[in-house]
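*Asks:* One letter stands for each residue in the lines below.
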Amino acid sequence: MILQINFKSGMPIYLQIVDQVRAAAASGALRPGEALPSIRPLAEELRVNRNTIAKAYTELESQGVIETLPGRGCFLKENQSALRKKARRELLIEHIDQVVVQAHHLQVPHDEFLELIRGRLDVLDDKRRAHENHKED
Amino acid sequence: MKSPTPVIQIENLSYAYGRAEAVHDLSLTVEPGRCYGIFGRNGAGKTTTIKCLLNLLRPQSGQVRVFGLDPAKHEVEVKRLLSYVPDQVAFYPWMSVRETLDYLASFRAQWNRQTEQELLERFQLDPAQRTGNLSKGQRTQVALVAAVCPETDLLVLDEPTSGLDPIVRREFIAAVIGAYQQGVPGKRTILVSTHLISEFEGLIDEFTLIDHGRTVLTLDADQARERYQKIRARFAQSPPEIDLRTALRVRRDGRELELIANGSGPELMERLREHNPESLTTESLTLEEIFVATLKS
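Respectively, the protein sequence lines represent chains A and B.
91 is the number that my numbering gives to position 91 of the first sequence; each next residue is one higher, with no gaps.
189 is the number that my numbering gives to position 189 of the second sequence; each next residue is one higher, with no gaps.
To be clear, the hints were calculated from the coordinates, so they are not data collected in a lab.
Even for Gly, the Cβ is constructed at its ideal location relative to N, Cα and C.
Please note that a few of the clues may not be correct.
Unchecked claim - Computed Cβ-Cβ distance ranges for the label pairs, DEER-style: (1) A:E67 with B:P4: 24 to 32 Å; (2) B:R273 with A:I5: 24 to 32 Å; (3) B:E241 with A:E94: 28 to 36 Å; (4) B:D243 with A:Q63: 21 to 29 Å; (5) A:V99 with B:Q237: 23 to 31 Å; (6) B:V184 with A:E34: 22 to 30 Å.
From just these sequences and the hints, can you work out the full model?
*Replies:* Here it is as structure tokens:
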């Protein structure tokens, strides 16, 4: 799991870490039972205050995403399926919102926009099918 | 609940070198466990302020307190509780790194040998080397080792990374985070003065921006990045007349507008949106950009 801080996002640093850990859990980049980086090396690598990492981990713990095992560190909790679904949707909604705003600026009407999305889903399906056929040959 | 004694409290501090006023009516408070930045251009009064905390200069008016103590009256107690990396590091050039650290350790009640060893290895410093033969970067590294090992509650860094190459700067900051910040959370406090703000961006909890010896801005770092926004809008025709007086700065270029907002971002976005821009984007300012925007406006 590689984390990255963006000082231009306007979001507090500890919340960026919380979001990215949740996203990693949702995408499978971090699996249940896997260890999170410990505070010191992570703080050094990201060059952020240790207290910020500690605050992020405390928040993740109170959200039930991770658990702290004394003397061993922080681990992603088992049974994240509910969270995974929710987190996945949240992640996707973020991206969709950006595209929706872009469509608004480009003055693309709703019907046309939805049609475009359907079209792109078809293109992706075709590509995948072509790829599978290719493998079978 | 009574709030804990601030680690540093400066009230209405003024100091002049002859007729040249270096610091004027400056106030700031640093709470325990924080990493506090003093940002300012060269000659803004950063070093003078720090020297008043260390009793290297006596305030001409106002007062300074470190751990609630007056550094002029309780110099030894105050110095026991803090360590300091000055902007110009000087050691006895004939002493080796080993001798220098032993000499400095002899003034301290406590000295973490293990941390010392770790840092010497991390910086690849040769203990047998004479300090007179060290580069500027290496001398600063030795000064940091000497500042971290006594495990004081307050670490004062005065322009620690200026004049160092980017690799050494990064290593320096990682060492501050890794070696100094260990220990009881919320106890180790850092005061850093710098104009190389982006280096310290992730470390800073709160900052004061000073210019010509005066406080221009004091803010929590996360709040600052939330408040200061850069907004870009592009219109189909040249931009219509829009009331943008609440913007800190406005730049026009053909059909494009770029605004810097201080807290008024959402309101300005709303105004721009009413005129159906072709594109409208926003991003936060980094602390360095806030520094530039504030001092140039």
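*Asks:* Now tell me, hint by hint, if it's right for this structure.
*Replies:* How the hints compare with the structure:
no. : hint                          : in the structure
1   : A:E67 with B:P4: 24 to 32 Å   : holds (31 Å)
2   : B:R273 with A:I5: 24 to 32 Å  : holds (29 Å)
3   : B:E241 with A:E94: 28 to 36 Å : holds (35 Å)
4   : B:D243 with A:Q63: 21 to 29 Å : violated (42 Å)
5   : A:V99 with B:Q237: 23 to 31 Å : holds (26 Å)
6   : B:V184 with A:E34: 22 to 30 Å : holds (29 Å)
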